[in-house]
Structures are given as C-alpha cells and as structure tokens.
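K.L.:
Chain residues, written in single-letter form:
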Amino acid sequence: MGTRNFEWNWKCKSTFEQPPIHVYKLEQTLSHPLKQINTTSKLETVSHNEKLSFIDPLSANFENADPLSLMAAQEDWDDLDLNVEPVKAPKRGLEMSDNPWIEQRTAILNKFTTTQKLSISLQQHQERGSSSRDIASNIGLKNKLEQLDDFEELTLRQLEQLSQAEYVETVNSFGKVLVTAWNHDFRVKALKVAIQCAKLLVDTSVVQFYPSKFVLITDVLDMFGNLVYERLLAKAEYYPSGSKIMSPLPENFTPDMVPESAKETCRNWFYKIASIRELIPRLYVEAAVLKSYTFLTNSELSDCVNRLTLMTRGIGDPLVAVYTRCYLCRIGQSVFKAGPELIRQNLKDFLLLYEQLFSPSVHHQLSTQKVDLASYLGTYVPALDWMFQGIANSDRHDFLDELFKLCMEKRNKGLLLNSILSTFKPEYIAQKAEVLVQQISSCFGESFPLYTLLKMMGERLRGHTTSNSNYIKREIWKLVSKLENEGDYLSCVQAWIPFIIAHSSTSELNIVLGDIIDRIGSSTKFSCAILQDIVITVASNFPDMDQLFTMDKFLPLLDVIRSESSRAMACQRILEIFCKSRTAESTADPVTTDALTFIAKVLHDSVNALSVDDEKRQYGQLISQLIMKIDFGDFEQQLRFYVEARATFMNLDAVIVTLVHCVNRIAVETGKKVKSHHTKRTAAFVHACAAFSYITIPSVTSEITRLRLYLVTAQIALFNQSLGQADACIASALAILPQLPLSVEIDGKMCQIQPYLSEFVKNLLSTLIIVPDCFEQGMLYLTRGLVNMLQQCVEITGIAAITRLYLDVIRMLSVAARPEYPYHVRKVDSNDILYGSDPKFLTEINSMSSILLEEILNNLQTLGEQKDLEEQAAISFELFQYVIEIVNLESEGMATLAYQLWLLSHKHKCLDKKMAMRLLDSLKLKLPMYPANSAFSLLVSKLKI
Amino acid sequence: MSTSIDIRVKKANKIYHEGDSITGTIVIQTPGEIKHEGITLTMEGLVELQLSPRNVGIFEAFYNSVKPVQICHVVVEISGPGKIPSGKTDIPFEVPLLPRGNKTIYETYHGVFVYIQYTLKCDLKRGFLAKGLMKMAEFIVEYKPSNCTKAVPKKVDFVITPESLEGPRDLGTIPRFKISGFIDSVVCCITKPFTGQIKIEHTEIPIKSIELQLVRVETCGCAEGYAKDVTEIQSIQIGEGNVATNLYIPIYMIFPRLFTCPTLITTNFKVEFEINVVVVFENDHLVSENFPIVLTRA
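These protein sequences, in sequence, are chains A and B.
Residue 161 in UniProt numbering is what sits at position 161 of the first sequence, and the numbering runs on without skipping anything.
Residue 218 in UniProt numbering is what sits at position 218 of the second sequence, and the numbering runs on without skipping anything.
Just so you know, these hints were derived from the structure itself, not from any lab.
All of these numbers come straight from a predicted model, not from anything done at the bench.
All C-beta atoms in this analysis are idealised placements derived from N, C-alpha and C, irrespective of residue type, glycine included.
Hints are supplied without guarantee of correctness; some may be wrong.
Stated by the list, open to error - Dumping the calculated SDA-like pairs for lysine to any residue here, alpha-carbon to alpha-carbon at most 25 Å: (1) B:Lys14 x A:Arg187; (2) B:Lys88 x B:Met136; (3) B:Lys154 x A:Cys304.
Stated by the list, open to error - Just a sample of chain A residues kept apart from chain B, beta carbon distances all over 10 Å, derived: (4) Ile276; (5) Ile530; (6) Ile577; (7) Gly633; (8) Ala647; (9) Thr705; (10) Ala728; (11) Ala731; (12) Cys774; (13) Ser830; (14) Leu834.
So here's chain A without its partners, still in its complex pose (with noise of 0.2 Å):
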C-alpha cells in the first residue's frame, strides 16, 4: 500500500441521529446469579424433608470418601501395629462398647511419656506353687510343660535400661509372641505371656510412664481375652433345637445352649487362671477372660466383677490399684454393661484408701524417683478421670452427689476436684459452683496445682450461668491474685474471663483488666499468646465495640502483650470482631474511633520488610474496612480523619487506595447535596477532596491502580466542575504511561500489562470527550497529549496493541466530531458547547484523525514486515469496518482505502472467513438506502471474498 495522504472527512456531520437509549426495565432479584444452581433443589430437598438437618453443600459430594476421616477412623488401628493380628475384628470382642476409652488411651499415650530408663523384669515366681504338680505329671501335662520351658528361656533375661520406644516395642513383641504361640495351639503359653505382661503392671518404677505402660499392656491383655473368647466361641457349636446340624452359638445364646465339651474347656480356664499365684497377674487376667464367663453362667458375672474389686483391695500401691480398679470397671461395662454401681463401688473404695496417696511410704518412692507430689498425682487422673466420666454420663444423680459429697469430706481433695471439674456436666458445676469455690479455695497450699483446679473450673463454666455468680467471681478473682506463677495466673485468668465479663459490669472487669496490668506489666517471662487470648476475649465477648474502649485499661492491656507478632494478632482479631459485629453501622464515637485507629496503627506497625504480602493484604483489607466503618457525619471532620489516616497508615497501599476512594465518595457525596450548584464552601471543599486524592495517589506503588485512581479522581473533579483538577488528574496520568512495566501482578499473578491498559485508555477517551478543552492549551490537548504518550508505549505493548488504541482514539475523535455529544456532566460544558462544531475545530478534528490513519498504515505494514498476519489482517478489517461506517465514503481516497483494506485484510486468508460474509451481507442489505452510483454501492459491488 502507498504512502498516501488521505483526507479524513466524516460522513456524519450532518446527519447525526441520536442513538436511542435503551432504558432496562430493573427488576429487583432475590438470588445472587453466580449462586450454585444445585443449592436451590438442596432447599427444596431440605423442605420436604424436614428432619434432614442441614447439609453441607461442600462435604455433602465427599461424605463417602473424605481422607481425612477415613484416615481418622483407621487411626485406631493404626497406631499399634499390635493389632494387625487375625483377631482384628472380633465379632463379639470387647471394642464394641469402649469408645470412650479409645479416645482416653490416645491421650493416655500422648500425655504419659518418659525419658528415664526402664525395666522388664520377667522372674518366673510363680513356679515354686506349680511344683507339686510335676510330681503329679501326666502324658499330657508333660507336653505342655516342655512348651513352658522353651518359653522360659526366651524370656527370662532381665531387660533392663530400655527407651520408651523399646519398651513399647517389647510389649507389643509381647503381644505378637501371644498370638504366634495362640496360633499354634500353644495356649498354656499364651497364658504365661498374658500373666507375664500383666505382672510389669506390679513395677511403678517410672512413675510417669505407670499409665502409657498400663494401656499398653491392657491392650495385649484384651487380645488375649478376645482369643480366648473367641476360640470358645468356636468350639461352642451347638445343636438348635429340632435340628441336627451343628451351628455356631446365636448373638445372644445362653449358657445352656452351650455344649458341655466348651463349657468343660472354660472351666478349665478358669481353674488355671484362679491358680496364679500372685495378685496382680491373676486379677488382669482373670478380667481379660471374663467376658468368657458367659459360657458358664449369666447371673455370676456381676458377683464377679463385684469379687474382683473387693479382691483390688489386696494391692498396696495406690497407683497400681486405681488402674486395675480403671480396668475392672472397663471390663465390667464392655462385657455386661455393668452400670454404675461398679464404677461407684470401685470409687468408694478407692476413696477409703485416698489417704493412702500421701502416706510416707509414697513420699519415700516418690524421693527415690525424684517426682514431684503434683506430678506423681497427675498420673492419677486418666483412670479417675475415666471412672468419674462413668458416673458422670450416667442418669444416677444419687451416685453423682454421693461421690461429690464423699470427695469434699476427703483432705488434699485437689485430685478429685480435678477430676470432679473434668468430667461432671457443666450444668452440675455450675449448680454446686459456690461449694466448688469454697473447696478449691480450701486446697491452697495443698499439693495438687491448684491453677489447675481454676482453669478446669473456669473452662466448663464458660456459658453457664451460677446462681450466685457475684460471689464466685469474687473468691475466684481472689484465688487467681493468689497465684504466684506468671504463667498459671494467666491460664487460670483465660479460663475465667468469659464468666466474668458475663457477670460483671464494664467498670468491674476494667479493674480486672487493671488488675492483670499490674500483675504482668513489669515481668516479661509470660506467654504472650494466653495474654493476646484473653484480649481476643474480651473484646468478642463485648456485643459494642463503643463500650469496650470506655475500659481505659483494655488499650494498656494490648501494650503489654510484649511480642509484636502477637500483638498484631490481637489487634487483627479485634478488628475482624469490629469489621464482623457490625456489617452495615458505622461509628462516630471519637473514643472508639480513636482506639481503633490506634489499634489499627499497630497492626500497620507490625508491618515491615519480612512481612508477607498476604500478611500486608489481609491488614490492609481489615483498616480498609475499619475505614470505610468509620463515619462522622459530617464531611469536613471526615476528611480530616482521612488525612491523619494516610499519616497513620502510610505503609499500607490498599489503606491509601481505600482513602482515595473515600475522599473522591465524599466529593461525589457533596456534589449531590447540592445538586451540583456549588456554593463558594461547598466548591472549596470538593477541591479539598481533589487536592487530597490528588497528592495521595503519587504514593501508590502499582502503576496500574494510580492510572485507575487518577482517572476516578479526574472524573469525580469533572463531576464536581474542578475542571483545573480534572485536567491536572487527566495529565499525570498520562505521564505514568510510558513508564509502565511490562507485566502486573493481580491476585498474585502476573499479568501482560496489555489488557489493562487498554482497558484504562478506552475508560479515558470516553472521558475525554467530555472534559473540555482549557483555553490556555489548545484544542484537544489531552487527546493529543494521550497520543503522543500512546507512540511511546509501543515497546510496552506491541505494537499491535498500540494500533488498536489508535482506532479507538479514531473512534472517539469520531465522536468528537459530533455537534451535540451523546453525554454530558451537568454545569459543565463540553467541546460541543464550547466550539459549537466550528470548522477550525473540526479540521483539527479531522487533521488528527488523519494523522493517526497514516500512522495505522505504517502500523499494518509494519506488522505485515514482521509477519505477523493474523493482526495484521484483524487490524485492517476493523479499520475497513471503521472507514465503511464513520467516514464519509464520498470524499476523495476513502473508497479506494476501503477497497484496500479489504484486499489487505484478506490477503493471507488469515481472516475468519464467516465475519466476512456477515459483513458483506449487512452491507449489501443497506443497499439499497444509497443511490446506485454511490461510492458505497460502488464499493459494496466490488467486494468479494
């Protein structure tokens, strides 16, 4: 194509037709379109039926195959590899009714844990009563003796000096040696190994290991309980009445559906088990087995589960038989659904001997084992923790206050209360809360932390109320000043705060506050993260923010929260609880407003170089919000508030961008009061406003939101008739165009520059063709400015982009070019107004949009030089489309480069061959409203694809 110069010349000049205006009918709507569709049949489904409880949309698809609690429900199986053994499901084993328990053996594993040495002492004791018996050798007995003796040597080593971990590892070996010598039929020996675990429950060496080893030797124990039951079980096969096939024993059968050969077995287990010569052994293993009495007998087992425990009395150590009381009571549960009789009995008993726990003789092992009386009565508490939950859980309130009036009589009750606070109902603590305080105060001093017996109290008492709640915060708040430990005090007063904020006037928990100031203010060796708890709190626990900051100590509160990172924590939570509480008020309370914005300060001076940029985001959303909360009413105080919030918050560009947009809603605000007459006040504040975004915007550092912000205030200067600013705006915004980088981050990704800066020059011409010319500076200036920025960008961009922006600007030039535009802002008068369509102006119009032409045509040639087809050919066909419909055909050149672009635009068949034909066919139906030796016609005709 030649370098010709063409005379641009628009064909609408006279003809101009209003476009219509299409005005939407609005419709208001209840649901969010981008709303899952699937939602609404989920309501439909819920209100037909209505006892379905609410599904989660999200978890409902995953129900079935969720990892994670798949995976949470293997754990049980997991985490002992004891019980990969053939007895892993047992049809009617002892699993079925201890779930609790499982739960209080993990933690039991996870809280008991040593790093001393220990021991595995494996005696044969019990040979010296057997003696007789190998007089008394028959065939038979001999063979199992042989088997015994093979045992013996494996074991009898003394293992001693061994980790936790190996000590694990042995008794579980223990478990596997059981199964394996089962397996083979070598049961008197699964016996030796099920007494030879159940004698390590003897040895309290390490005392604080006493409750991971007892659940770990229980569970070996079980396993041998559930083998023994399981392999009478089988044998047990009977004949159902009226048939003659041999079956196994139905769920429920009685004992006299069971044949005598199986009862005979039993008794014989029995009769082997009663004869263990030492206590502890026999009581573990007969329990283990127990559940096989059901063979003989059904009313028996209560009587001897009830033997049992009397018989725990034998056990002098106290630790040794609360465990094997904790066991008996498992045990009885499980195999018959012992109510709670058993586990009160076993509780009686345990607290006649209680005095028993502070006797000398266990001060002395405790000395020898260098234990603390605290910790050592902390091993007590998972098997009564375990027992009281029983009485708890079940409907007796008679056992429950006979046990509560039973501990209170006991001295150093500090254990029991523990345990009384854990696993009574709330509501029962809440009832007896008075009495609880008096005994807990009467535990000061006693050996049990007595911290612990507050913190316990104060967390189940969260959200119950007490009858005489002024009373028991004061003996509480009482304790709690007692405590001496930093760290205790502060836990116990973290428990505590929900129930006094409840009960307690604003004044009252700001003395608490205070009290707590004074209390940690000097100290430094405290856990900031129990302090930044409690402030979260109370101010979540505040229903208005308003009242929370009358407390002058809350904000001294905040200051002594020494660690910055958690500090800002705290202030984040407190700002999240303000941004949440209330969604659609705004405050105006200066002393609210003041706190917060101190709040916010902190939270904004936490930010520094380390910090992430998610980090930064989340702060600048949470002051955003706390900004745009914040409303006085009145526009000028406003504006002063959001000048010393860009002093405060400097650091943080969403807050700055945020005050831009604030002050640019206030100008808008302003403008609409007066319906845009401004007086001499109201003009010199919206140029306030502008001055104010206008000075801000510089500190923005993404190039992309400035060009926004810019444009924004531009137009809300031009809303508010600052034609001096808009301009001003309108300029520097240009000026930031050729230093644009290449590349954006949005959302964390990187993004071409491209798209959005076209998005923002289109925003701009349309601007453009409103804002007026200013006398001093020529027509179009800013236009003009805009296209000489554009010539820039070229190495941004591309210069097929840029190509495409001049079409744009063509467009708008087109507009421009108009007599009367399509808008306008109200008191502002725009070109059309100004110039009038004044020839001079629109040669400038049409020399302009000449030379853009011709720079387009370089473009596409160019583009055609560096091979770039396809938009070469897209180019040129939206300029022909441009020509054919903005330009006025008839003057000279215009069809020709009309013909040529076509030619171009489908001279590499690059074209999308269907817009084309569309194309042409729109134009051959305006036909025939032109006169047949038109240029148009003229033109359409030699068209051809």
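On the provided structure of chain A, position chain B as indicated by the hints.
P.N.:
Same frame as chain A, but now just chain B:
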C-alpha cells in the same frame, strides 16, 4: 500311619460317680485290615501309697513297701477274636463303676504320697508273634453330692499378734502388729471357693505380701507305724505390697481339681488339708496362722 487305639468316654469332663456305667467308644484307626485275638477293656481303681523317705528311710521308700490297693477291677470283653477293617472303627462299650468286694470307692486324688487313680485300659491282643496294642485313659471319680453330708459352715475368727505366735520367739525383736480376720467356714464344699476376710489393724513394718497357702496332710499308716507328711499344693497371693490398714481384704481361693479331694480318713491312710494365712513383712519375716479344714463334696 500305624494302627492306633483311643478310648473316648462320653462325658466331656470324664467325671463319674459310683454306680454309674461308664460309656464311650473305642476308636481304632488302622491303615490296613488287622486280625486280632480279642479286645478287652479293663477298668481299674488303685490307691497307691508311697512312704516318704523322711519317715521310713530310703531303703523302704525305694522298695515301695506299701502295695497298691485295688479298689475296683472290671474286665469287659469288647470283641472276640476277629478282624478289624481298614479305616476307623468305633466300638461302643459300657463298664459299671462298682467297688471290688468290700472295698469302697474313693474320689480321684493326685497327691504326693497318696495317689488315687482310676483308669480304663484297652488291650488288643494280636496272636503269638505280633505285638498287641494297648491304650490307657484316666477318668475321674467323684462322690455323688446327693450322697454326701453337707458342709456345715463353721466360722472361725482369728487375731494374729506377736503374743499369739507359737514357737521360739523374742518379743523384743518382733515388730508390733495386729492382724485380725475371719474364715467364713473351715468346713468347705470342694466346689465352692474358700472365703474369708483379713484386716491389718496396725503394723510397725510395712507388709510385703499376704498369701494363702493350701497344704495337704497325707498320713500313711501301716503295721510299722504311720508317716505324716505336709506338702504345699498351691499358694495364692491376696495382698500385694503395703496394703492399707483397717480395711477388710477378701480371702478367696478356689480348690484346684485333682490335687484336692474331700477329706479322706481310712484305716490305712488319711488325706487332710490345711490352709495357712501367711503375712510377709518387708524385711522378709513372716507370720502365719494355720487353719485345718475339712473338705466335703457337698
């Protein structure tokens, strides 16, 4: 696989009373057909008395000076001479359990010096050259509870103090203690547990263990005099470690089968039982209280 004989009695627990007929089957398993000269089943009850070397001297003990006494002896011919086909052959049998002559049937008892045992012996005679097959099986004889006198509970209280101790002692060196308790009955039914309670009222030295010791007292009398021997059957711990004071601890023991029988007093021998309550102190000193007991079947 060679030929084997097995005796299977019908009752799973193998317990029979006097006058019962013992029923069961003789199971012969053979890979090939065998010829035999007859199968007989012998039921025999024997009382074996052994003299303790302590009492009668090694020489007499070695020669087992007391001959076993046959209480009962019944021979039944299961089958006359004939053939047993290959495979498994069950032959039912029935033998009455009756005493021989004027003898009385005693309960089965496996002791040290007194041994009462009942056996079934099956003999398969195989001509002159081939070796016969033989199988023995023990069965258990108990008195019929309905024929026995009921145990009349006889409660015994006891108190153990340094003063109550027998034997040589020096009260100055013995720690102060008081242990009290009771035995529910010293006349016990053999199938019921031995029960009672014990309480440590006070003690100067911590206790290490409390045990129940069951001992048998066997007396063999003969022309030359008699020998009495006391041996332990079993020991059961009922208290472990320093048990709490002033709290009743249950005494509970199940009598082991075979090793105990109802107290037996005959002209030739006696089988009696005693229980010792043994309290071991931490310094390994021990005190014990002895309770002769009478065992009955009902």
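K.L.:
All hints, please: hold or fail.
P.N.:
Hint by hint, here is what the structure shows:
A distance of roughly 21 Å separates the Cα atoms of Lys14 of chain B and Arg187 of chain A; the hinted pair therefore holds under the 25 Å criterion. With a CA separation close to 19 Å, the supplied pair Lys88 of chain B and Met136 of chain B stays within the 25 Å bound. Between Lys154 of chain B and Cys304 of chain A the CA atoms are separated by roughly 24 Å; this keeps the pair inside 25 Å, and the hint holds. A cut-off of 10 Å between C-beta atoms contradicts the statement that Ile276 of chain A is not in contact with chain B; the least separation is 8 Å.
The Cβ of Ile530 of chain A sits about 41 Å from the closest Cβ of chain B, beyond the 10 Å cut-off, so the non-interface label holds. At the 10 Å boundary, the C-beta of Ile577 of chain A stays outside the reach of chain B, the nearest C-beta of that chain being 55 Å off. Interface exclusion of Gly633 of chain A from chain B stands, the closest Cβ pair being 77 Å apart, more than 10 Å. Residue placement check: Ala647 of chain A keeps its beta carbon more than 10 Å from all beta carbons of chain B (closest about 75 Å).
Non-interface call for Thr705 of chain A relative to chain B: holds, since the shortest CB-CB distance, roughly 78 Å, exceeds 10 Å. The claim that Ala728 of chain A is not at the interface with chain B holds, since no C-beta of that chain comes within 10 Å of its own (minimum 94 Å). Separation of Ala731 of chain A from chain B is adequate, the least Cβ-Cβ distance of about 95 Å exceeding the 10 Å criterion. At roughly 104 Å, the least C-beta separation between Cys774 of chain A and chain B is larger than 10 Å, which holds for a residue marked as non-interface.
The non-interface label for Ser830 of chain A is consistent with chain B: the shortest C-beta to C-beta separation is roughly 103 Å, beyond 10 Å. A cut-off of 10 Å between C-beta atoms confirms that Leu834 of chain A is not in contact with chain B; the least separation is 109 Å.
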